[in-house]
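**Q** Listed below are the residues making up each chain.
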Amino acid sequence: MRWTNFFLIAAVVAALGVAATQFSSNDYYFFAAYVVLQYVVLATAWNILGGYAGYVNFGSAAFFAAGAYSTVVVHKLYPLPLPLLIVFSGIVAGLIGFGTGYLTLRLRGVFFAIATLALAVVLQTLIINWDFVGGSRGAYIIRPHTFPLLGSYMKYMFLVMLGLAIVAVSVARLIERSWLGYGLAAIRDDEFAAEASGVPTLRLKLVATAVSGAFMGMAGSPFPYIIGYVEPSSTFNLAYAVNAIAMPMIGGTSTWIGPVIGAILLGTIQQVATVTISSAVNLLIVGLVLVAFVIIAPNGLVGLAQSWMRKRK
Amino acid sequence: MIVSYDLLVNALIAGVLLGGFYVAVTVGISIAFGILDIVNIAHVAFIILGAYIAYIVNLHFGLDPILVGIVTLPAFYALGAVVYQIYYLSFERRGQEALRGLAFFFGLLFITEVGLILVFGVDYRYVSAIYVGPSLRLGIADFPLRMVVPCVAALVMFGVLQLFLSRTFTGRAIMAVSQDPLALRLMAVDPIRIKRIAFGISVATAGIAGALLIVIQPVEPSVGREFIGRVFAIAVLGGLGSLPGTVVGAMLLGIMESLTATFYGPSWAPAVAFGFLLLTLAFRPQGILGR
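So the sequences go chain by chain: H and P.
Under my numbering, the first sequence has 36 at position 36, and the numbering climbs by one with no breaks.
Under my numbering, the second sequence has 1002 at position 2, and the numbering climbs by one with no breaks.
Rather than coming from a laboratory, the hints here were simulated on the basis of the structure.
Please note: incorrect hints may appear among the correct ones.
To be verified - To be clear about the criterion: a stretch of chain H counts as covered by chain P if any three or more of its residues have a C-beta under 8 Å from a C-beta of chain P, and this derived list gives those stretches:
#, region
1, 109 to 117
2, 126 to 134
3, 286 to 292
Said to hold, decoys possible - Covered stretches of chain H (chain P as the covering partner; in silico rule of three or more C-beta atoms under 8 Å from a C-beta of chain P):
#, region
4, 21 to 34
5, 277 to 283
What the hints assert, rightly or not - One-sided and incomplete, this derived list gives chain P residues near chain H with beta-carbon spacing under 10 Å:
#, residue
6, Val-1016
7, Ile-1117
8, Asp-1142
9, Pro-1144
10, Ala-1269
11, Ala-1273
12, Pro-1285
Cβ atoms here follow ideal geometry from the backbone N, Cα and C, with glycine treated the same way.
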């Protein structure tokens, strides 16, 4: 797919989103679509580091929560408009990613993975002990009810998340086809060989970690406005970390389209399952599907499709 | 700040006892991650599973939780052997252990946790045993038995393991397998079999650690996550692959956490492990007693 086609499709998707807000008035649909789009951003962000460079981040929930709590802090001081909040959350989460990466990325990849696991616990400890953002009791966030031209504020948040998803996917695609993406792929395949051939491995990994963390934070930024009540255990929910890994793994990690497919598929299934069965059962399904895919189809749906096409030729 | 002498002494004792228990929690990771190079982050979920098994048997039959832990050792060993076989066939043999192997264990962790939530709910569970309530007093020092018994049990388990690894042929083969699998083959030992045994032992220790955990504190399915940072912090701090290092790391962390909890409040304790982990990774990645 060329860039012109890519942007054409992105523009059509955006136009469809705007059109949808004019035709439907049921806020639940926009909420469900918002959640799926949020996972598109989260999965795409995870894939920038995990899929391209092969460095596993288990702390997606921590970055997500960092974004959400940045919003809480700013909202308490001075309620900025949503897009600015998202940018601010992105900067905070990006810095956290950069810091964690700076301390651990010099070592083998598995240490980075462990550090991100622990990062979630510690960030949660900090939030629990921080009274300004509500501590363990949580904090209420009152969001505006309406938005000019669109009617409900939920529709507005849906459109913002749609825009963010398009930006995230474009950035992922841009990285994939630039010198940065080729460098990251070299790191994934053989880090020593990459280093020896002059790829600035540490610098590339740091950039990828910061960008990936920033997008995760941005995905979490509107979260307080969505649920209206933020408390640590729902914000640091392990479900975010699991989904952020499961979605790219199921879709396919080597291209930008993989996480998008995985997120739309798994996100939609979960929305349906949460309504019809129970939220615990649907998380169990995500876990089982993740394990099944890494064992049976290690290259995800995209990999399955590619090998099927090759066979037909 | 004026520090009360009593408080300090008791915090230190609690720290050492806690550290002893951390030995039981970490020794499995030291074997799997330190010796076999398998990053089994699902280990903590297996610990919680062990705690729940001890809870059920204790509730229905009144059996001692630690005894339950010992009785279920073969079951946990078998679980470990099966998990290793899947891991070997799906990832290690294909050379994909880095990314997908991690995701695999993460999935196992998640499945176990959610499975326990579905069966037992998120209520805290605890066990009853004669040593859960009382405590020994020596002067100003307080030795709560619910900490002393797990600490002793953990150190006994560690001693047995250390003897096994250093004295028996299989044990020495386990120590050798990650360094030179070819040399093992030349001695007519199958490295895969040795790794399977070692991983089985590693998971078996989780069963015991779980039984000890539920003696020390009430357990609910997501408690395990607090231990992820701890076990890896201890394993890295002590030096990967060094079992004596594990004891040193566990004691250090136990004492630091106990002091933090006493003087700053228990809600800060989980952050200590991470601080330790990051500092160790940043400044001395080979650990205190590392190779």
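**Q** Could you run down the list of hints and mark each one as holding or not?
**A** Cross-check of the supplied hints:
With 7 residues having a Cβ less than 8 Å from any Cβ of chain P, the region 109 to 117 of chain H passes the three-residue criterion, so the hint holds. Proximity of the region 126 to 134 of chain H to chain P, defined as three or more residues with a beta carbon under 8 Å from a beta carbon of that chain, is established by the 3 residues found. Counting residues of the region 286 to 292 of chain H whose beta carbon lies closer than 8 Å to any beta carbon of chain P gives 5, which meets the minimum of three for the stated coverage. Counting residues of the region 21 to 34 of chain H whose C-beta sits closer than 8 Å to any C-beta of chain P gives 0, which falls short of three, so the coverage hint is violated.
Coverage of the region 277 to 283 of chain H by chain P holds [criterion: at least 3 residues with CB-CB distance below 8 Å; count 3]. Given hint, P:Val-1016 at the interface with chain H, is violated; its Cβ is 23 Å from that chain's nearest Cβ, farther than 10 Å. With its C-beta approaching chain H no nearer than about 6 Å, P:Ile-1117 sits inside the 10 Å limit, and its interface hint holds. A least Cβ separation of about 27 Å between P:Asp-1142 and chain H goes past the 10 Å threshold, and the interface hint is therefore violated.
Because the beta carbon of P:Pro-1144 sits about 24 Å from the nearest beta carbon in chain H, more than 10 Å, this interface hint is broken. Residue-level restraint check for P:Ala-1269 holds (minimum Cβ-Cβ distance to chain H is 8 Å; threshold 10 Å). The beta carbon of P:Ala-1273 is positioned within 10 Å of a beta carbon in chain H (closest approach about 7 Å), and the interface hint is therefore held. For P:Pro-1285, the suggested interface contact is upheld, since its CB lies about 5 Å from the closest CB of chain H, less than 10 Å.
Checked against the numbered hints above, the structure violates hints 4, 6, 8, 9; every other hint is satisfied.
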